[in-house]
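S.K.: Going down the list, the protein sequences come from chains A and B. Residue numbering for the first sequence follows the working numbering, beginning at 49 and increasing consecutively. Residue numbering for the second sequence follows the working numbering, beginning at 49 and increasing consecutively.
The set of hints was computed from the structure by calculation and includes no laboratory data. Wrong hints could be hidden among the right ones.
Note: identical chains are not told apart, hence a pair may lie in one copy or across any two.
[What the hints assert, rightly or not] Here are the simulated lysine-lysine pairs, PhoX-like style, with alpha carbons at most 25 Å apart:
#1 397 with 283
#2 283 with 70
#3 159 with 283
#4 158 with 70
#5 158 with 283
What follows is the residue order along each chain.
2 protein chains.
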Amino acid sequence: MPDSSAIRRVHNFSAGPATLPKSVLERAQAELLDYRGSGQSVMEMSHRSPVYDGIHRGLIDSLRRLLGLSAEYEVLLLQGGASLQFSMVPMNLLPAGQSADYVITGTWSKKALAEAEKVGSVRVAGTSAPTSFDRIPNALDPDPEAAYFHLTTNNTIAGTQWARLPSGTAPLILDASSDILSRPLDLTNVGMIYAGAQKNLGPAGLTLAIVRRDLLDRIPDGLPTMLDYRTQAGKGSLYNTPPCWAIYVAGLACEWIEGLGGLEAMETRNRGKADLIYSRLDRGGIYRGTVQTESRSLMNITFRLTDTTLEPRFLEEAADADLVNLKGHRSVGGIRASLYNAMPNSSVKELASFMDDFERSHG
Amino acid sequence: MPDSSAIRRVHNFSAGPATLPKSVLERAQAELLDYRGSGQSVMEMSHRSPVYDGIHRGLIDSLRRLLGLSAEYEVLLLQGGASLQFSMVPMNLLPAGQSADYVITGTWSKKALAEAEKVGSVRVAGTSAPTSFDRIPNALDPDPEAAYFHLTTNNTIAGTQWARLPSGTAPLILDASSDILSRPLDLTNVGMIYAGAQKNLGPAGLTLAIVRRDLLDRIPDGLPTMLDYRTQAGKGSLYNTPPCWAIYVAGLACEWIEGLGGLEAMETRNRGKADLIYSRLDRGGIYRGTVQTESRSLMNITFRLTDTTLEPRFLEEAADADLVNLKGHRSVGGIRASLYNAMPNSSVKELASFMDDFERSHG
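Given these sequences and hints, build the entire structure.
M.R.: Structure below.
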């Protein structure tokens, strides 16, 4: 054990993998060699053992409670990230002879569309490409006969988020990788939710897929076993060895969310944190947001300095103040502050006050 | 931090996930909240950050050194387990119009064959099914024109292991999930090695794929991006977010192996541990091994009690002595002691002496 006074913790604004609750990390640390008297690390446990089963079911049950999932939804604990779901979704849920709707709001929805095009017939039902993804498109053109309607609920690179889900579409399939569990979700017409864990939920290496049971009936026979949702649905996500440690830490993170009051409390917290930064952007001065107000993300706040040549200096001085990973995605540049669930309010206050200080010295 | 005197550690003979070196767990524990002064947990780091890059490349370099891999091999850090490789191997490496050879030595090679049958033409080039998988088949019938020759190097359920790799075959594809890094590997004619990490290498959630570069030229275009080996080969296994924590712990485990002297030292250790148990089985008495001598696994030792009705009592008394997870796989019953790299010699001695004691009281 290190001298705890020597432990350093920075304010980590990474877009993912991202900061985790300190209490979750402390718990994982304390239990690392001996999970609750079992004499084993969670990393060493047979996935067929009763002690691991409690951890595994614990996460699934926690997700059910937090999201208010009825028995009509299967909760699958998978691997491969949202990137693998880009292919698994159409392989499983886009029957031959049907078409699927995709809304294009940035890099990730374009990738989802590209993988679906390899599998079957697709259609763009809305896009904000013409305005460089600075908003969620208002005008949608859903095909009522589509197999499903796919959208990315939050766009980490563009810094946009759907304020509410569209209606009048085929069953919604949501890539919620970057805002799952950050706010309550209206499940009306939601056919499926998928998410990599490494932003709001836990460490990388776990992918969540929540699928409405009636959609499983569409799955064609003959898919590779590991790519067929029915494989893990029929085995409680224990068909093969799951990513046990990531599942354990995600379970601790869900407990932490439940302890704080669930998704409504999370939304209030997340809105409060985002407002601390957006209020700076709205004041004018040296900062300007890159996103239309009504499409702003509570998770990833993207902005520029009016004098963009000052941006490297902004990032450098921020890092000197232990405010790290604030650089915008390499494809768009600028500044990005990611404020997922576990980002403490105190860290966001540090960033806001750094922005004020920087403005005073460079404005 | 818990009072370290309260920490309990059992002798964990699980077939996987399996025991990890205590020093590796202690290191992971010490660094959990602050990886070497970075102010972040490895679970929180951007996978695009220089600090994570050192961890990621560190594992790849360690694997290259340990296995003696030349530049003609790509080392890929994947997800999904060997079960996903059962499909990815033929999707990538079995061209239309060709056939692949499979040797059937138990449950896992049967599953690999079944997935390959969905993709293309396959052929059984050897099997020990007629003797209930009690040996590695002597008589092989390789097709010299085959696209590849697939075998499972170690069989966790049957308790068998290839003492040496066959020659005169098409390029070998090895499912080495349960004995990778446990002994030196002759790379002559090895086209690919794949392995889930959770036995000899680290925690579950990481899958290793080592592919000879010339085989990448066979891959057909149009595969789902995440299922095409070229995707991660072209991006240093950073196309999307990798399972960072599992990679980190596997890297610590590889450092531990290198510190002990590499794969030759591992083989000596592993042979010594296995001999402690096999010598009991060879003595006659109340135990009998289930595997032909020349096919015995150094990793998973399977045996029965002559009076099989005593087996539940054996397992119960063993567990009372903190010797846990000794039950044979549910498909075959009996006893199984898994002695992967990290299983300490002292734990195997405990098991051997428990076997002696049990024999004295019940023989």
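S.K.: Now look at each hint and say whether the structure bears it out.
M.R.: Verification of the hints:
1. In this homomeric assembly, residue 397 and residue 283 never come within 25 Å of each other (Cα to Cα): the closest approach is 45 Å inside a single copy and 37 Å across copies.
2. Taking the shortest alpha-carbon separations for residue 283 and residue 70, neither the intra-copy value of 33 Å nor the inter-copy value of 32 Å comes in at or below 25 Å.
3. In this homomeric assembly, residue 159 and residue 283 come within 25 Å of each other (Cα to Cα) only across copies, at 16 Å, whereas the closest approach inside a single copy is 30 Å.
4. In this homomeric assembly, residue 158 and residue 70 never come within 25 Å of each other (Cα to Cα): the closest approach is 35 Å inside a single copy and 45 Å across copies.
5. In this assembly of identical chains, residue 158 and residue 283 lie within 25 Å of each other by CA distance solely across copies; the values are 19 Å between and 32 Å within a copy.
Of the hints listed earlier, those the structure fails to meet are numbers 1, 2 and 4, in rising order.
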